[in-house]
Structure formats: C-alpha cells, structure tokens
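**Q** So the protein lines, in turn, are chains A and B.
According to our numbering, the stretch in the first sequence is residues 1 to 287, in order.
According to our numbering, the stretch in the second sequence is residues 1001 to 1326, in order.
Worth flagging that the hints you see were computed from the coordinates, not collected in a lab.
Remember, it's a predicted structure, so these values are computed and weren't measured experimentally.
There could be a bad hint or two in this list.
Stated by the list, open to error - From chain B, some residues computed to sit far from chain A (all C-beta separations above 12 Å):
#: 1; residue: Arg1028
#: 2; residue: Lys1078
#: 3; residue: Arg1148
#: 4; residue: Phe1249
Stated by the list, open to error - Computed cross-link-like contacts, BS3-like style, restricted to lysine-lysine with a CA-CA straight-line distance of at most 27 Å:
#: 5; chain 1: B; residue 1: Lys1013; chain 2: B; residue 2: Lys1060
#: 6; chain 1: B; residue 1: Lys1118; chain 2: A; residue 2: Lys17
#: 7; chain 1: B; residue 1: Lys1115; chain 2: A; residue 2: Lys17
#: 8; chain 1: A; residue 1: Lys281; chain 2: B; residue 2: Lys1013
#: 9; chain 1: B; residue 1: Lys1060; chain 2: B; residue 2: Lys1078
#: 10; chain 1: B; residue 1: Lys1029; chain 2: B; residue 2: Lys1224
#: 11; chain 1: B; residue 1: Lys1078; chain 2: B; residue 2: Lys1115
#: 12; chain 1: B; residue 1: Lys1213; chain 2: B; residue 2: Lys1055
#: 13; chain 1: B; residue 1: Lys1060; chain 2: B; residue 2: Lys1118
#: 14; chain 1: B; residue 1: Lys1115; chain 2: A; residue 2: Lys281
#: 15; chain 1: B; residue 1: Lys1183; chain 2: B; residue 2: Lys1077
#: 16; chain 1: B; residue 1: Lys1026; chain 2: B; residue 2: Lys1078
#: 17; chain 1: B; residue 1: Lys1118; chain 2: B; residue 2: Lys1029
#: 18; chain 1: B; residue 1: Lys1026; chain 2: B; residue 2: Lys1115
#: 19; chain 1: B; residue 1: Lys1060; chain 2: B; residue 2: Lys1115
#: 20; chain 1: B; residue 1: Lys1132; chain 2: B; residue 2: Lys1118
#: 21; chain 1: B; residue 1: Lys1251; chain 2: B; residue 2: Lys1224
#: 22; chain 1: B; residue 1: Lys1077; chain 2: A; residue 2: Lys17
#: 23; chain 1: B; residue 1: Lys1055; chain 2: B; residue 2: Lys1029
#: 24; chain 1: A; residue 1: Lys281; chain 2: B; residue 2: Lys1077
#: 25; chain 1: B; residue 1: Lys1077; chain 2: A; residue 2: Lys282
#: 26; chain 1: A; residue 1: Lys282; chain 2: B; residue 2: Lys1126
#: 27; chain 1: B; residue 1: Lys1260; chain 2: B; residue 2: Lys1213
#: 28; chain 1: B; residue 1: Lys1118; chain 2: B; residue 2: Lys1078
#: 29; chain 1: B; residue 1: Lys1115; chain 2: B; residue 2: Lys1131
#: 30; chain 1: A; residue 1: Lys282; chain 2: B; residue 2: Lys1026
#: 31; chain 1: B; residue 1: Lys1026; chain 2: B; residue 2: Lys1077
#: 32; chain 1: B; residue 1: Lys1213; chain 2: B; residue 2: Lys1126
#: 33; chain 1: B; residue 1: Lys1251; chain 2: A; residue 2: Lys17
#: 34; chain 1: A; residue 1: Lys282; chain 2: B; residue 2: Lys1183
#: 35; chain 1: B; residue 1: Lys1026; chain 2: B; residue 2: Lys1251
#: 36; chain 1: B; residue 1: Lys1183; chain 2: B; residue 2: Lys1126
#: 37; chain 1: B; residue 1: Lys1055; chain 2: A; residue 2: Lys282
#: 38; chain 1: A; residue 1: Lys281; chain 2: B; residue 2: Lys1060
#: 39; chain 1: A; residue 1: Lys281; chain 2: B; residue 2: Lys1260
#: 40; chain 1: A; residue 1: Lys17; chain 2: B; residue 2: Lys1213
The beta carbon of each residue, even a glycine, is placed where N, CA and C say it ideally should be.
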Amino acid sequence: MSSSLDALLAMLYRQLKRWWSARSRVIMTVLNPLIWMVFLGLGWGGIFSSQNIPNIPGLSDIPAMAEVIRKAIDSYFKQTFGGVSYVTFMVTGIAVMTAFMGSFISGISVIWDKQFGFLKETLVAPAPRSVIITGRIVGDSIVTTLQSMIIVLLSTVLTSELILTNIPLAMAYVFIASLGFTSLGVVLSLRFSSMEGFQMVVNLLTMPLVFMSGVFYPVTSMPDWMKALTVFNPLTYAVHSVRYWLVGSSTGFNYMNPWTDLAILLGFTTAALSLAVRAFKKATLED
Amino acid sequence: MSDIIVVEDLVKKFGDLVAVNGVSLKIRKGEVFALLGPNGAGKTTTIHIISTLLKPTSGKVSVAGYDVVRSPDQVRKKIGIVFQDPSLDNQLTGYDNMYIHGRLYGLRGRELHEKIVKLLDLVELKDFTYKKVMYYSGGMRRRLEIARSLLHEPEILILDEPTIGLDPQSRARIWEYIRFLKKSYDITILMTTHYMDEAEELADRVAIMDRGKILAMGTAEELKSMLGHDVIYVTLNNDNGDICHFFNFTKSCRSLGGGKIELVVDNASRALPEVFRVVEVHGLRITEVSYRRPTLNEVFLHLTGRELRDSGESHTTPVLARRRWM
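So that you can see chain B by itself, here it is in the shape it has in the complex (with noise of 0.2 Å):
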C-alpha cells in the first residue's frame, strides 16, 4: 500500500502558542486513519494544514504527492472535507448548498445534477432537497456535508470530529455511512475525534494525540496491547511514590500520582487477591479499586496519566477565529 498523506515533522506555532509540535504520520491509500486526542490536543490545527487551509510553521505535508504549500490548489481537489462547526449556507436550500459546491469544483449540468440527487439519496435527505438549510436538524446538516465533501469525488475524504455534538440515533448513521464509504468507495478517510469508542470501531489505525505530539500510533489492538491484559487501578490511603516494589507479581506498575497505581496483570480477577493480601501486609488501606480490559481510554492515561474523557482543557479557538477580523 503506498503512501498518500505524508506528514513529516510539522510544527505550528500561533505566536507563543504551539498547537502541533513535531508530529510526523504516514497514511495510507485507502485507510481509515483516526487522530484521537481531547480538545486542544493540535488535531484540527494539523487538519487545516493538510487542508491547506493554514500554513505550516516547518515541516513538511504532502497529499496525493502534492505539497501543500507549494501547490495548494491540486491538493484542493484531491480532498473532501467536514468541518468540526458547520460550513453550510443557511439561507440555501440542501439542493443549492450541493450546486454552488460543484460548481465550485467545475462540475456543471446533467453530470453535477444526477450526482447531487445520488448523494443527497445516500445520505437520506432525499425528501429535504429543497428545504433551505436553516430548518435541518443538526445531524442533518452533518449528513448534507457529508455528501457534499463527495461530490467532486476526492481521494481522501477528512472529517473533522464528525460525531460531536450528535444524539446517539445521528451519531449511529454517521458510523453507518463512514463504513459504507470504506467498503463501497475507493477513498482514504482521515478523521479525528476525541470519543476512543468512534476511533476504534471506525479506524483501521489510531494516532493518539495530545499537547502537539503524537504518542503512539497503530491499530487499536496494537495500541491495547501495549498494556497486555487486564489493567487494575488501585487507590491508596497513602501516596508513596516508591510503592511499586511490593507489587513484583505485576507486568507493570506505574504510580499515577495521588495514591493512584496502574497494574498490568494477566487475570485481574486471580491477581485481585494477592494485591489487597500484599497492601495488608505493608499497613495500608485501599480506598478505591477498579479493573478493566484495556481499551483506548485506558492506552491514553497509561500515555499521558490523564484519562481522556476529563482531560477538557481549555478549547482549541477554531483557526480561523483567531484573526483580529473575525
């Protein structure tokens, strides 16, 4: 498989600000490739860059073997893409937000008309042609730029957080479409989200971002097994830094600060016993204690020791809203 997205060493700097910090990724023709990271983690200012939408502070990103920088208008027309917040015209019905779209792109007539009928069909807004945009629901709209991002047929399709703000019904049909996309068309999807249930039942392969870097990256099984079986969290009274040593029966074992300890185990429930018997033995006493098969969740505290649905830090300004004028 060869190569389509190539990203290497990008940095992005806004002033003082350093939104994308070294990240280097190679994504492959016909892929689904999530970023996963919380907000502000540098994945929609890696997006617009690829997009061409922002220029790279250094680095290099090439897209369909084009560079960005120097031939933006070819990578243009190699990528579809959605927007994390709404790009559509409200005012316009879906019909004309569609037309206006290919016409855009250079597609005219009877070919531009049967596409937009076909695709407004897929994505079930059929009977909401022409209805202007203002009275969509908001999964609707989702779905409309869906559709939109495929009229002019790109390559690689982007979706930028393509489930966020979505009810579970509307989240479940964008799932259902981006599968379908992957099975029926010839197109490379990257994505990027902040839900590790959508990376890993969607991507093929997961990058997990966070404060501009990337991580780790592979497929959700790889990633998992970094951490082998069982991962076993237990919470104790006292936060003593070198508590670890006790715990020698573990695969590993990590203080996450606070009292927190991360064990990898390869049975949580056989290996429970033995470490409350060994927290006994030393005097202490254990106030919280959870186990879970590891999923995407747990690969990123074991990364970054934060879990990845709190880690809300402050949220990333959309690039185009940082300019004095807009």
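Looking at chain A on its own, in the form it has when it is part of the complex (with noise of 0.2 Å):
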C-alpha cells in the first residue's frame, strides 16, 4: 500500500516538474483564454450594458422616460448574467475553459510517453498500472487547476466583482472537474495512435462542449434543444459552481446548486477515472 503511494507520488512529481520545467509553453497556456477574456469580454461587455445605448430621438424630451428605460435594460443583464457585468460572467466561465482544454490536452501526453519510450519505464516499475495512471491524472489535474487559477487572478484586472475569498472553495470544483476530464483525455489519447488523430477529436469534441456549458452566454436563454444537451454536458456544472462562487449567484437552470453540481461532477469524474484506468491496463497489458 505505501509502495503505490511512493509511486503515486512519484508520477504526480513528474507531471508537476514537467510543467514547471516548460515554464515557456505555461505562458502559452494563459496567454490564449487571456485573448478571449481581453478582446471577447470588453468587446461584448460594452454591448450588454446601457451605457453605449444611443438616444433615441425625442426620448431625450423626458428625461425620466429615458432614465426607466436605461434601468430597465441594465437590470435586465443584469439578471441575465447573475447580477453582475458581462466581463465579470464571462471569466469566471474562461476560468473553467483554461481547465477544460488544459485537461484534454494533457490527455496526449500518454502518447508522447510511450513515442519517447518514457512509458516502459513505468510499467515495468512494481507498482500496480491503476496507481500509474492515477498519479498522472491527478498530477496534469493540479496543473490545469493552477493554469486556471492564474486565469482568476489575472481577471481581477479587468472586474472587481469577484468574490476572492471563494477562491479556494471555486478551484476545488475545477480540480475535481479536471480529474474527470484529464481522465477523458487519457482514454482519448488511448485510442488514436497518431497526435493528428487525436488533435482532430479534440478539436472537434472541446468546441460544441465549450459553447454548450454557459462559458460565454447563460445556458438559460439557449434554445430548447441546446439546453436538452447541456444538461448532459459536465462541463456545464463545472462553470456554473465555478460561477456560483466567484459571483455569488446563480446562473443555471432551477435545479443546479452547489451541491448538485458536486454530486454530479464527482459521479462524472468516478466514471471517467475507472474508464482511463481500464483504458490503460488493457493498453499495456498484452496476452
């Protein structure tokens, strides 16, 4: 038992230094959801908010006219986006996203192990495939939850909304989520031999995944058939806790809590580890 925490330990060692040994590519990593919150959240921040609302002529004749409807029309994103500006919802949904993509990437580095032969080394190791493939899940989990926690703290240039002493309680729903997504990777990863291959799935699944959870816009004002999705989709628990409490309020539809989202994403994350580990045994196990 102590032997497979030693080499538990050891692969989360290695996961967490080969992330800190490329400390170029960890800018790569901030530098791209940094672009969307900059340019996507200012630029449709303005949009959704009264002040760039021209006057419409003959409305500036009653002022008080013009005052209710400005109020009506803040309150309404207001409501939209959980009582708070539209920068302030979009990041704390690009905080999630950093985690996500950082998780399905990491999926590949199973692939890189076993073209640079790094893979033997762990199997022919005494310790059981199951806790080899756990120490690096959980190991590219805690990066992607430090890329996205470098994601908040960087967001608190562009929004003074967020409450930062929920931190903590918020990046503990994004390790939990990465753990599951990380694990979806690996499975991934384990079935298409090539990086192109993999490259083009990845793609191909984040997206739709990505516009489906309520990153950019509430999943409440989807049309119905896309809220029929995301109500599948894990990733939209993931955002809307994230969101619960780094804004305070609630964003989703009427049954999504904190708690709920917690229940669902640990039986999510239980399903997809199981999968990754079985993944792997039946990858390198050969008759």
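Bring the two chains, given one by one in their own frames, into a single complex with the hints.
**A** Take a look at the structure:
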C-alpha cells in the first residue's frame, strides 16, 4: 500500500516537474484564454450595458422616461448575467474553460510517453498500472487547476466583482472536474495512435462542449434543443458551480446549486477515471 | 551455483508470427549471460517476457524464484532493465529521471539522494546531473539508463542491445561498466546483442538464437570448439552438392550453397595446398578462398548457413509498437 502511494507521488512529481520545467509553455497556456477574456469580454461587455445605447430621438425630451428605460435595460442584463457585468460573467467561465482545454490536451502526454519510451519505464516499475495512470491524471489535474487559478487572478484586472475569498472553493470544483476531463483525454489518446488524430478529435469535441456549457452566454437563454444537450454536459456543472462561488449568484437551471453540481461532477469524474484506468490496463497488458 | 532465471519451453506468438519458439535456458546467479542473434531472432521478445512486459503464449519463466505471470510485481523488484530504445524523460534532468525511478521503487529521502549522486558519479555524468536529458548525447543517455537501472539494487540487470547505435568510444565505456559491475557487484547480467565481439568479450556464457530458437549454448570457447581449430571457406565455380567426398582429409566438410564449402581443419596453412591440389585434380576452379580462426560469427554461420552480420532480416518492431494505439 505504501509503495503504491510512493508510485503515485512519483508520477505526480513528474507531471508537475515537467510543467514547471517548460515555463515558456505555461505562458502560452495562459495567453490563449487571456485573449478571449480581454477581447471578447471587453468587446461584448460594452454591448451588454445601457451605457452605449444611443439616444432615441424624442426620448431625450422626457429624461425620466429615458432613465426608466436605461434602468430596465441594465437590470435585464444584470439578471441575465447573474447580477454582474458581462466581463465578470465571462471570465468565470473562461477560468473553467482553461482547465477544461488543458485537461483534454494533457491526455496527449500518454502518446508522448509512448513515443519517447518513458511509458516502458513506468510499466516495469513494481506498481499497479492503476496507480501509475491515476498518479499522472492527478498530477495533470493539479497543473490545469493552477492554470485556471492564474486566469482568475489575472481577471481581477478586468473586474472587481469577484468574491476573492471563495477562490479556494471554486478551485476545488475545478480540480474535481479536471480529474474527469483529464481522464477522458487519456481514454481518447489511448484510442488514437497518432498525435494528429487525437488533436482533430479534441478540437471537434471541445469546441461544441464549451459552447454548450454556459461559458459565453447563460444556459437559460439557449434554444430548447441546446438546453437539452447542455444538461448532459459535465462542463455545464463545472461552469455553474465555479461561477456560483466567484460571483455569488446562480445562473443555471432551477435544479442547479453547488451541491447538485458537486454530486454530478463527482459521479462524472469517478466514471471517467475508472474508464481511464481500464483503458490503460488494457492497452499495456498483452496476453 | 544456483539458477536465478529459469525459462522452460517458452513460446510467444503474435497472431500467426511465432517470435519465440520453444526456448529453454537457465541463467546462473552471478554470471553474465548473452543472447546472441540477428535482429528478429526473438531476443527482445524473450527479454520482455522475462521482465513481465509481455505474457508468454505457453511455457514457464521464473525469475529469482518468482513466476513472471503470477507474481510480476515481485519479479519487477528484482530486475533492473535497460531497453533497446531509450525510456528516459527528455524534458527532465538526469537527476529527476533518477529521482522518479527511485520513488517508483519505494526509495526516498537522504538514502535516495546519496544513491543517485553515487551512481551518476559512477557513470561519469556528475557534471550533467542537473542538465535536461534532451541535451545528452546518445552515449550519455545509455549511461544514465544504466545508472537508473541500478538504483534500486536489482539482483538481475537486463541489458537489451546495450551498445546499439553508439560510437566505438561510448561502446568501449559501456563495456567497461559491465565488466566493473560484474567484478564489484553481486549481480547477474542478462544481455542481448547482435555483435559477436560483444558477446565474446563480456559474457560468461552465450546462447545463439535465431528464428525464435536457441541453436547452441555454452561458453564462447565451447561454442567455438564445435568447429575445431581453423575454418577454410572455398567457393568453387561449380555448385556441385556432393563435392565433399573429395575432401576426406578434413575434419568436416559442409556445403553452404552457391558453391561455397566450409572445411574444418587442424591447421589451415598446411591444409590449403592439399585443397588446391584436390580441386585441380577434379577439374574445378576456385573463385574465392579464405580461412579464419573460428569466432562466434563462424559458429553462427556453421549453425545457420548465414553470416551473423548480414542476416539483417525485418527488424523486430518493439513489442509495444505492435498495438493499434501505440
């Protein structure tokens, strides 16, 4: 048992060390979401506010009326985005998206390890396959959670509406979700022999999942068919819960709250992790 | 001496391909044992079964008293292995590669650190301890892998083609380490190689392997004595199968095909004039003649009719590469 823990920690150390030793890549992983945040967030942010609404001819003659309309518009947007500005709404989603994308991509490191031979080193070690793969998944999930946290901290430049004291809680949710998504990444990368094939599938899969999760717009304002799909997307619950903790209000369907989110994410992660363990065992054991 | 690795009737099939076809061998504690054979002979497959990476199709393999199928974890603790292809993490330093290996094998703390420093010093990589492996040369990587495989103090060290692809200098260095280990450590070494000089130089006993079978086993001297003293190769212009009865004065005569004949004699310089005479008497012409003191290459030629160095058949795909996802 203790030797299994040693092996788990060894794999965890390795994933973290690899990440840290490639610091230039760390900047890249943060840069991409940062671009989304700044340009899309600030760009759309101006539209979703009454400030930029042009004066309607005639309305300026009745200041009280103009004020009422302005307030109505403002309160509509606030309501839509959970009582905060669009930028705040979106950056909380982007933080989760960063972890989500990072998790999926980290699955690819299994392919790298096979190509560069390190996989064999772990396969002749006196530790169960399940421990080896779990160790790497946990390590990668810590990495993606850290990336997500960097995004949250950077986003404080764009908005002052985040509840900073809730960051640890939000990150706990991000970590749980990351475990699940990294596991899925591992399962996929074990299915595809080539880097190119994996990348294609990841792109094909991640984009729709991101758009159907409420990162950029609330799930409640989606068309019905999209809503129906959103319910089955685990990312939806990660986005909802993280936004709940960082913003302090719920922007999802009625049944969603931090506890149902947690239960669903735990269920998803357990299933994905056991899938990954099974796939890894099967892929490395030959009779 | 007791046997530390026992292989009985080992068979490994990949679909229709029979990679290992009934191999039996016993490796004694403390010896250096070499599996010698061309690429595709089944050496690597045999090694992978012994190191629990592959399961045998049939047959029994035990390492240090543990069955490789029933108690793989026990076997893994006893062996250190250097694969034919590198298995290092290029993104990490030499030290980190060693450290992770140590942790995987349950070592930790000060003890682990001291062992790493000592072993990196042994393989002369002290100055590169904190350099990333991607900046190492091929020889340095192989040395790091040897150091790493020794970290958990295995009873058996398995080296799969330890000097393949290395320049002569690096090769000589690896040979030195193997000799040093044999002398200074209480360790059994199982190695595969397709270089006959490597097997002859380093191994206490050699098994010659070809097409999944072991053809002969023994010390290099024993194997060479199968051929007697000198070997003469004569190529005649006429490919006549029953030409051997002309050479009744030699110890043995064998047609290798294509007009090439292998003659084993006590003393080649004395026998050659007689060979020329006999050939002339029978109205034949010699197109090529050579003689050698037998090396393992001649033994291999004797056993298979092919030269060891030019039997470069289809290269065995590394075992893990066979799988669809790999």
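**Q** All the hints need checking, so say for each whether the structure fits it.
**A** Results for each hint:
1. Arg1028: holds (23 Å)
2. Lys1078: For B:Lys1078, whose nearest Cβ neighbour in chain A is about 9 Å away, the distance does not exceed 12 Å, so it is violated.
3. Arg1148: Nearest chain A Cβ is 8 Å from B:Arg1148, so the label is violated.
4. Phe1249: About 55 Å separates B:Phe1249 from the closest Cβ of chain A, which puts it past 12 Å; holds.
5. B:Lys1013 with B:Lys1060: holds (15 Å)
6. B:Lys1118 with A:Lys17: holds (23 Å)
7. B:Lys1115 with A:Lys17: Holds, at about 21 Å.
8. A:Lys281 with B:Lys1013: holds (21 Å)
9. B:Lys1060 with B:Lys1078: holds (18 Å)
10. B:Lys1029 with B:Lys1224: holds (24 Å)
11. B:Lys1078 with B:Lys1115: holds (17 Å)
12. B:Lys1213 with B:Lys1055: holds (18 Å)
13. B:Lys1060 with B:Lys1118: violated (37 Å)
14. B:Lys1115 with A:Lys281: Violated, at roughly 32 Å.
15. B:Lys1183 with B:Lys1077: holds (22 Å)
16. B:Lys1026 with B:Lys1078: Distance of about 17 Å is within 27 Å: holds.
17. B:Lys1118 with B:Lys1029: The hint holds at about 25 Å.
18. B:Lys1026 with B:Lys1115: Judged against 27 Å, a Cα distance of about 31 Å means the pair is violated.
19. B:Lys1060 with B:Lys1115: violated (35 Å)
20. B:Lys1132 with B:Lys1118: holds (19 Å)
21. B:Lys1251 with B:Lys1224: The hint holds at about 14 Å.
22. B:Lys1077 with A:Lys17: holds (25 Å)
23. B:Lys1055 with B:Lys1029: holds (24 Å)
24. A:Lys281 with B:Lys1077: holds (20 Å)
25. B:Lys1077 with A:Lys282: At roughly 22 Å apart (the allowed maximum being 27 Å), A:Lys282 and B:Lys1077 satisfy the hint.
26. A:Lys282 with B:Lys1126: Answer violated: A:Lys282 to B:Lys1126 is near 39 Å, above 27 Å.
27. B:Lys1260 with B:Lys1213: holds (25 Å)
28. B:Lys1118 with B:Lys1078: Holds: B:Lys1118 and B:Lys1078 sit about 20 Å apart, inside 27 Å.
29. B:Lys1115 with B:Lys1131: holds (18 Å)
30. A:Lys282 with B:Lys1026: violated (31 Å)
31. B:Lys1026 with B:Lys1077: Distance ~20 Å between B:Lys1026 and B:Lys1077 Cα, so the pair holds.
32. B:Lys1213 with B:Lys1126: violated (42 Å)
33. B:Lys1251 with A:Lys17: violated (66 Å)
34. A:Lys282 with B:Lys1183: violated (41 Å)
35. B:Lys1026 with B:Lys1251: Outside the cut-off at roughly 32 Å; violated.
36. B:Lys1183 with B:Lys1126: Distance of about 22 Å is within 27 Å: holds.
37. B:Lys1055 with A:Lys282: holds (13 Å)
38. A:Lys281 with B:Lys1060: Measuring from Cα to Cα gives roughly 23 Å; hence the hint holds.
39. A:Lys281 with B:Lys1260: The hint is violated at about 52 Å.
40. A:Lys17 with B:Lys1213: Distance ~44 Å between A:Lys17 and B:Lys1213 Cα, so the pair is violated.
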